Amino acid sequence: MVDLDASALTTTELNRKLRELAAQGTEHIHILNPQARHNIAVGLLDTCSITIEGSVGYYAASLMDGPQVTINGNAGWALGENLMKGKVVLTRNAGASLASSMRGGEVFVAGNAGARAGIGMKGGSLVIGGDAGFMTGFMMQRGTIIIGGDVGEGVGDSMYEGTIYVGGEIGSLGSDAKIEEASESELIQVWETMERHGIHDRKKFTKIVSAKKLYHFDSLERLEKRAV
Amino acid sequence: MVLGSSHIWATHHIEDIHAKAELGRYRIRGFSTFQKVTHFDDLVFLSTGLTRFPLEGYKEKCNTQVVLGARYASEPLVIDTPIYVTGMSYGALSRNAKVALGKAASLVGTATCTGDGGMLQDERDASNKLIYQVLPSRYGFDPHHLMGANAAEIVVGQGAKPGTGGLLMGVKVADNIAEMRELPLGIDQRSPTRHPDWLGPDDLSIKIEQIREATEGRLPISVKLGACRVADDVKLAAKAGADTIVIDSMVAGTGASAEILLDHSGIPTVPAIVQAREALRELGLYGQVSLVASGGIRNGADVAKALALGADAVAIGIAALIALNCNKEIPGTNFEDEIGVKAGYCNRCHTGLCPVGIATQDPVLEARLDPDEGAERVANFINSMTMELALLTRSLGKGDVRSLEPEDMAALTIEASAMAQIPLAGTNKVFGM
Ligand SMILES: Cc1cc2nc3c(=O)[nH]c(=O)nc-3n(C[C@H](O)[C@H](O)[C@H](O)COP(=O)(O)O)c2cc1C
Ligand code: SF4
Chain H
94 MVDLDASALT TTELNRKLRE LAAQGTEHIH ILNPQARHNI AVGLLDTCSI
144 TIEGSVGYYA ASLMDGPQVT INGNAGWALG ENLMKGKVVL TRNAGASLAS
194 SMRGGEVFVA GNAGARAGIG MKGGSLVIGG DAGFMTGFMM QRGTIIIGGD
244 VGEGVGDSMY EGTIYVGGEI GSLGSDAKIE EASESELIQV WETMERHGIH
294 DRKKFTKIVS AKKLYHFDSL ERLEKRAV
Chain D
12 MVLGSSHIWA THHIEDIHAK AELGRYRIRG FSTFQKVTHF DDLVFLSTGL
62 TRFPLEGYKE KCNTQVVLGA RYASEPLVID TPIYVTGMSY GALSRNAKVA
112 LGKAASLVGT ATCTGDGGML QDERDASNKL IYQVLPSRYG FDPHHLMGAN
162 AAEIVVGQGA KPGTGGLLMG VKVADNIAEM RELPLGIDQR SPTRHPDWLG
212 PDDLSIKIEQ IREATEGRLP ISVKLGACRV ADDVKLAAKA GADTIVIDSM
262 VAGTGASAEI LLDHSGIPTV PAIVQAREAL RELGLYGQVS LVASGGIRNG
312 ADVAKALALG ADAVAIGIAA LIALNCNKEI PGTNFEDEIG VKAGYCNRCH
362 TGLCPVGIAT QDPVLEARLD PDEGAERVAN FINSMTMELA LLTRSLGKGD
412 VRSLEPEDMA ALTIEASAMA QIPLAGTNKV FGM
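Chains as they are written, first to last, in the working numbering: chain H, 94 to 321; chain D, 12 to 444.
Keep in mind that the hints were calculated from the coordinates and are not lab data. Treat the hints loosely; a few may be bogus.
Restricting the straight-line Cα-Cα distance to at most 20 Å, the calculated cross-link-like pairs of lysine to aspartate or glutamate (EDC-like) are [to be verified]:
no. : chain 1 : residue 1 : chain 2 : residue 2
1   : H       : K178      : D       : E190
2   : H       : K318      : D       : E270
3   : H       : K178      : D       : D153
4   : H       : K110      : D       : E220
5   : H       : K306      : D       : D199
6   : H       : K300      : H       : D269
7   : H       : K318      : D       : D348
8   : H       : K318      : D       : E26
Predicted model, so just to flag it, every value in this text is computed and none were measured.
Between the sequences and the hints, there should be enough to build the whole structure, so can you do that?
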């Protein structure tokens with residue numbers, strides 16, 4: 094295990110150090126005093142395990158492929174953005190655009206998330222213990238979002254595929270999103286996922302999927318039709 | 012008078028209403044605007060006479076190499092000609108077209124750019140210098156590809172469709188395209204226009220910092236803007252930390268756009284360059300932030316005029332496609348049968364029916380484009396333009412394309428004078444000042 098005092102390093106130095114340590118196969122890296130700075134733990138492509146003691150700014154643990162990052166604090170916008178593989182755990186609340194465009198791996202936020210959580214999500218699993226804000230799952234393409242608490246307005250707007258489960262109240266459905274009955278096995282999977290994160294309240298989750306009415310233009314010109 | 016002579020109810024308006032009365036939605040097409048706008052043809056060069064003397068036009072040394080993005084990047088983009096191939100998506104274009112463009116750019120020592128839908132490995136392999144786009148859709152976005160690129164380009168907007176995202180009709184969302192984009196097969200893909208992770212210019216500066224962190228400060232980072240409120244947008248992009256600003260005008264090409272946007276939004280290339288230059292000058296960043304112009308670059312004169320107005324380089328789209336045989340009848344094609352119009356009149360890239368294998372995902376059509384032969388044609392074309400540029404530069408008595416300046420030109424129309432901020436030919440008057 095290696096301790097890094099972020100306050101003694103610039104963000105660039107810190108990220109360089111993380112990259113070096115991960116490449117050397119360091120098992121665990123412990124970051125102290127992150128000072129809520131932006132862009133901490135960006136672009137790490139080797140597997141490693143990192144714990145950050147304190148809150149982080151925008152884009153923490155983003156553009157990653159492999160690492161396991163735990164943040165004991167709050168996070169700003171775009172935590173876990175474009176995650177390919179690996180895991181991000183946040184013990185408190187996340188800002189907007191949580192896990193935006195994530196393509197794989199797992200992001201777990203114990204507290205609440207701001208607007209646009211899981212926006213443009215392309216795969217993997219996003220789990221929010223508390224509430225999520227408006228436009229959650231906007232234009233989501235694939236993957237699963239589980240929200241333990243309530244979700245705001247416009248959930249699942251223009252989603253293509255993927256599934257959103259909501260444990261609490263739904264502000265409103267976005268365009269082309271619809272509620273579908275969750276099967277027993279799906280509910281068990283959701284409960285088990287929550288239990289892995291220490292949430293044992295077996296709620297009746299609401300399942301939201303795409304109504305698929307916006308997949309195609311309603312009409313085509315003669316030549317466009319010829320092509321189909 | 013017959014109806015055909017009305018300017019208000021011109022025949023294309025009548026056709027348009029008939030089509031929409033059937034269709035019930037906005038119309039979509041490829042290529043670029045039909046509006047008649049002030050363009051480079053409205054400017055001319057004032058070559059040497061007795062006040063200054065020329066360089067030998069055909070051979071004397073003339074530098075055409077330019078460096079883009081040296082503001083912060085430790086490895087700026089060095090290209091041997093100030094002309095590079097713009098971002099055109101694999102999806103809008105076929106694999107053979109993307110590979111041909113990559114090879115062509117490598118042959119002439121310049122760069123090419125990915126486009127929406129992510130990076131094709133074959134394109135990376137073909138391109139010595141590859142710009143990797145960061146688009147609102149983030150289709151196929153992969154940090155490995157970003158780190159392996161030679162530059163990154165954050166797309167805020169496109170001149171052909173400012174304020175909207177990518178558009179790809181279902182016929183082109185074929186197996187491989189759908190898989191790369193992680194979308195359902197065959198959907199009419201209408202991509203997001205807002206980035207998922209940032210909204211305003213203050214967030215953009217953090218996004219730029221993120222990309223810089225991920226690439227260890229090596230890559231130049233450009234911001235591509237559709238030319239609308241150019242002065243403000245350029246200032247905000249520069250302040251957000253862009254190394255390069257790409258200003259893409261209303262005449263810029265597209266694989267598919269709503270026709271109404273093509274014709275009715277954005278401003279032309281000439282005033283866009285001038286406004287961008289002046290905005291950077293106001294910030295004291297002209298010369299530090301590189302400026303790239305795109306939209307309607309067709310020959311070496313257009314390049315020279317763009318540079319003289321203040322651009323450091325230009326990017327070409329449609330011109331490169333034409334060099335690949337767009338709108339040309341070749342053995343095996345029959346434009347009228349296959350895409351419904353004669354060669355020379357085609358703007359139907361969005362249908363996926365491209366007879367010459369460029370803007371299609373149909374393997375039979377794609378096979379009509381040989382990537383090596385195509386690369387050679389595009390390389391020849393870029394070389395020709397570079398030679399034309401050097402010829403004009405020498406005729407102006409200059410040995411470096413970077414020395415071209417507004418004073419080298421005159422405007423042929425009052426509009427061009429006002430938009431380019433240079434005197435009307437035969438007068439000392441700059442209109443609109
Ligand atoms: C077939 C085609 C596909 C395009 N795809 C993209 C794209 O994916 N991303 C983008 O930023 N611009 C795209 N563009 C716009 C070009 O990058 C560029 O702005 C434009 O082509 C420049 O104008 P020109 O074609 O007149 O040279 C595309 C253009 C064409 C013709
Ligand atoms: S020939 Fe092909 S590339 Fe050219 S305009 Fe027609 S469809 Fe587009």
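Against the structure, the hints come out as follows:
no. : hint               : result
1   : H:K178 with D:E190 : holds (18 Å)
2   : H:K318 with D:E270 : holds (18 Å)
3   : H:K178 with D:D153 : holds (11 Å)
4   : H:K110 with D:E220 : holds (17 Å)
5   : H:K306 with D:D199 : holds (11 Å)
6   : H:K300 with H:D269 : holds (14 Å)
7   : H:K318 with D:D348 : holds (15 Å)
8   : H:K318 with D:E26  : holds (18 Å)
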